[in-house]
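Q: Between the sequences and the hints, there should be enough to build the whole structure, so can you do that?
Chain by chain, the residues:
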Amino acid sequence: MRRMAPVFSPRSRVGASLALICTFLAVMVATPWSSAVAAEDTEEPKASRSEPDLTPQAEDTDKPRDKSLLARKPADDAVAKKGAEDNQAFYEKWQFWALTGGIVAGGVLAYFGGKALYHSLNGGDVRPCNPMFIGCYGQGESR
Amino acid sequence: MKNRWLALSLLGGALALGGCNTYHYFDIEIDFGPVGIEQAGVLQLCHLDVSGADSHSADLPSSANKDSKSVCPLGNNWPVMGTFEYATFADSGSITFNITAFSDTRRTMDNLCTSGSLTMTAGSEITQTGKLTMGSFDDTKCPNNVIHP
Chain A
1 MRRMAPVFSP
11 RSRVGASLAL
21 ICTFLAVMVA
31 TPWSSAVAAE
41 DTEEPKASRS
51 EPDLTPQAED
61 TDKPRDKSLL
71 ARKPADDAVA
81 KKGAEDNQAF
91 YEKWQFWALT
101 GGIVAGGVLA
111 YFGGKALYHS
121 LNGGDVRPCN
131 PMFIGCYGQG
141 ESR
Chain B
1 MKNRWLALSL
11 LGGALALGGC
21 NTYHYFDIEI
31 DFGPVGIEQA
41 GVLQLCHLDV
51 SGADSHSADL
61 PSSANKDSKS
71 VCPLGNNWPV
81 MGTFEYATFA
91 DSGSITFNIT
101 AFSDTRRTMD
111 NLCTSGSLTM
121 TAGSEITQTG
131 KLTMGSFDDT
141 KCPNNVIHP
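Residue numbers (the numbering used here), protein chains in the order written: chain A, 1 to 143; chain B, 1 to 149.
Check the hints yourself; a few may be wrong.
[To be verified] Partial pick of chain B residues on the chain A-facing surface, computed with a CB cut under 8 Å: (1) N21; (2) T22; (3) Y23; (4) D54; (5) A58; (6) L60; (7) P61; (8) G82; (9) F84; (10) E85; (11) Y86; (12) A87; (13) T88; (14) F89.
It should be emphasised that the hints constitute simulated quantities derived from the structure, not laboratory data. For glycine and all other residues, C-beta sits at the position ideal for the given N, C-alpha and C.
A: Structure below.
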């Protein structure tokens, strides 16, 4: 008995398989109830979800809109100021310059005061030379 | 309280120390004495030496030293050479003023014409005055070259 030739060639069978797979996928995606379709976004935008609960201010015992609560308190200023001062370089602090100025002024005062005291302890100024004299000598002889 | 007493003590000490150095002045007049005007004219340099309770050395004003006024060589200062003042912190002991006069600007014994000295006692007085008289003139060392008519 003669063998019968196959109805479809191998190439046509592969093509048919591919066509079948593609058709199946298209049906899956296009069908609304298919699991391959993205779930419907039922979440509402946040902005439009709910309006804030605006309670009249007169009934708000915490008075959240009282500006005095929001105003900076002296303590806040002091803390901020201290923080700013802590961050200053030493030469930017007035205490540094006050101390430096005090030391310099004290040094100058000590120098001239000490000089004057030393001069005073050593007799002070010699009296001026009488112009009628032929000369003045001794201590302070440059008269 | 302790600091206050310490400060007062220091101040008192400073004031006490301040009293240690007080100027005392000796105003000495120099008289040529036996030195005649022609002999005095020979002098070129006069020198002051102080010894004793204090010491000092200085030339008296001289035109040879380009001083503005001159007592040696003689200016218009005879028979009294002039008065000088000597200042010292000495307040005790004796202090001697010695004046030497030379016929040359070099101070050597060969040129020494005359000298005089005065010794005084330093004390609490602020100013003392004295008179120093020059001694005899050595005509041998200091001949007068002026020829009189």
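Q: Determine for every hint whether it applies to the structure shown.
A: Going down the list of hints, with the structure as the test:
For N21 (chain B), the interface hint holds, the least distance from its beta-carbon to any beta-carbon of chain A being 4 Å, beneath 8 Å. The beta carbon of T22 (chain B) is positioned within 8 Å of a beta carbon in chain A (closest approach about 6 Å), and the interface hint is therefore held. The closest approach between the C-beta of Y23 (chain B) and any C-beta of chain A is roughly 5 Å, which is under the 8 Å cut-off, so the hint is satisfied. Proximity of D54 (chain B) to chain A holds as hinted, the smallest CB-CB distance being about 7 Å (cut-off 8 Å).
Hint on A58 (chain B) holds. Least Cβ distance to chain A is approximately 5 Å, under the 8 Å limit. Hint status for L60 (chain B): holds, given a least beta-carbon distance of 6 Å to chain A, under 8 Å. A hinted interface residue such as P61 (chain B) counts as satisfied when its beta carbon comes closer than 8 Å to some beta carbon of chain A; here the least separation is about 6 Å, so the hint holds. Taking 8 Å as the C-beta contact cut-off toward chain A, the hint placing G82 (chain B) at the interface holds, the least distance being around 3 Å.
With a least beta-carbon distance of about 5 Å to chain A, the hint placing F84 (chain B) at the interface is held under the 8 Å criterion. Annotation: E85 (chain B) was flagged as interfacial toward chain A, and the flag holds, the nearest CB pair being 5 Å apart, inside 8 Å. Restraint check, Y86 (chain B) versus chain A: the minimum CB separation of about 4 Å is within 8 Å; hint holds. Taking 8 Å as the C-beta cut-off, the interface hint given for A87 (chain B) holds, the closest approach to chain A being about 4 Å.
Annotation: interface hint on T88 (chain B) holds; nearest CB of chain A at approximately 5 Å, less than 8 Å. Hint on F89 (chain B) holds. Least Cβ distance to chain A is approximately 6 Å, under the 8 Å limit.
Consistency with the previously given hints is maintained throughout, with no hint failing.
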